[in-house]
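Using the sequences plus the hints, can you model the full thing?
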Amino acid sequence: MNNSTFGFETQAIRTQTERTQFLEHSVPLYLTSSFVFEDAEDMRASFTEEKERNIYSRFTNPNTSEFVEKICKMEGAEDGFAFATGMAAVYSTFAALLESGDHIVSVGSVFGSTHTLFTKYFPKWNITTSYFDINKPETIESYIQPNTKILFAESPTNPAVDIIDLKLLGQIAKKHNLILIIDNCFATPFLQNPIKYGADLVVHSATKLIDGQGRVLGGITVGCAELIREIYLFSRNTGPALSPFNAWVLSKSLETLPVRVEKHCENAVKVAEFLESHPKVKQVKYPFLKSHPQYEIAKKQMKLGGNIVAFEIKGGIEAGRKFLDKIQLCSLSANLGDTRTIVTHPASTTHSKLTEEERLAVSITDGLVRVSVGLETVQDIIRDLQQALE
8 MNNSTFGFET QAIRTQTERT QFLEHSVPLY LTSSFVFEDA EDMRASFTEE KERNIYSRFT
68 NPNTSEFVEK ICKMEGAEDG FAFATGMAAV YSTFAALLES GDHIVSVGSV FGSTHTLFTK
128 YFPKWNITTS YFDINKPETI ESYIQPNTKI LFAESPTNPA VDIIDLKLLG QIAKKHNLIL
188 IIDNCFATPF LQNPIKYGAD LVVHSATKLI DGQGRVLGGI TVGCAELIRE IYLFSRNTGP
248 ALSPFNAWVL SKSLETLPVR VEKHCENAVK VAEFLESHPK VKQVKYPFLK SHPQYEIAKK
308 QMKLGGNIVA FEIKGGIEAG RKFLDKIQLC SLSANLGDTR TIVTHPASTT HSKLTEEERL
368 AVSITDGLVR VSVGLETVQD IIRDLQQALE
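Going by the working numbering, the sequence shown opens with residue 8, and the numbers climb by one from there.
These are computed hints drawn from the structure, not numbers from a lab.
Each hint should be verified, as a subset may be incorrect.
Below, computed lysine-lysine pairings styled on DSSO-like, alpha-carbon distance capped at 27 Å [stated by the list, open to error]: (1) Lys289 <-> Lys360; (2) Lys259 <-> Lys80; (3) Lys143 <-> Lys306; (4) Lys156 <-> Lys143.
Structure (structure tokens):
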């Protein structure tokens with residue numbers, strides 16, 4: 008089905024792998040490590056890539072290909088490759104495109120494991136990173152060096168839900184001939200399409216809202232075919248491929264992505280409004296609250312505000328810990344984008360190894376709490392947060 012005039016929901020539901028002789032309505036699982044050849048010539052032509060076909064599930068598999076095709080259509084991308092996890096997607100994308108001596112310019116507020124890649128592992132291969140302040144986009148160009156190859160950002164960021172102007176990043180990348188990579192995990196392809204604004208590649212942790220039910224791990228990078236070709240060749244040889252079973256689950260999940268994400272956002276706005284009115288809450292950050300510093304940018308590039316609400320409890324780290332201990336309905340988990348509401352306190356958990364100065368540099372205050380708003384009855388979510396704050 009190649010009709011690009013179909014709507015987002017139709018593409019999400021009707022993009023399917025070709026039916027087998029059994030004429031199944033729902034795509035079957037292709038749980039096979041490898042595929043057979045008709046004869047020696049078929050095998051030769053397949054390995055020289057004269058023929059496009061499945062050879063080995065580390066390279067491609069019908070389930071994985073369907074998942075990739077759906078995300079490409081949703082993001083407006085030419086091609087893609089699917090990975091075992093979101094971090095496998097991040098690492099493989101950078102590793103395939105960078106060489107020793109290259110430089111990355113990145114937003115300072117990045118996911119913890121991405122930060123570790125940039126600061127602990129890439130320097131081993133003489134690849135360096137400079138961070139810019141998301142609240143000072145006018146400084147970005149001052150960090151660009153002759154050896155800068157990649158401009159990278161998350162928007163919204165994890166965990167402080169800051170927003171950056173994607174159009175501005177697209178213009179900077181084009182001007183300086185940089186590869187622009189955007190981590191679009193918090194927004195999903197339903198709420199935001201960075202390629203429209205000049206991104207060359209878009210990365211997702213499919214573990215989050217794309218799965219949406221906390222079941223499987225997965226990651227994907229989509230974008231410019233020429234760059235994806237490099238990522239594919241690197242990944243074909245290093246082996247971070249997504250499993251066919253997880254690809255099947257994730258492709259099924261995409262069928263309900265629009266309805267799920269709309270409801271997540273509807274609940275999140277109500278939670279954010281409740282928190283903003285609470286006397287024990289110092290500040291609330293949610294992209295579609297008018298009080299968000301980048302509200303106008305968020306409205307311009309996002310369809311809705313997403314499911315993540317960040318707020319600061321008065322009383323710092325101790326108040327944050329007490330709040331978590333009083334939670335009854337919501338889950339205490341490191342995941343997000345689940346049907347179930349999840350709360351985390353970054354300063355005492357995920358970002359506890361950073362110094363206070365390092366945390367503040369990326370908007371993580373001592374009392375910051377991240378809420379991944381789920382699909383429960385919103386009054387029940389609010390009631391639980393309320394009793395924990397009291």
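Hint-by-hint comparison with the structure:
1. Lys289 <-> Lys360: holds, 24 Å
2. Lys259 <-> Lys80: holds, 15 Å
3. Lys143 <-> Lys306: holds, 19 Å
4. Lys156 <-> Lys143: Satisfied, since the Cα-Cα distance of roughly 21 Å is no more than 27 Å.
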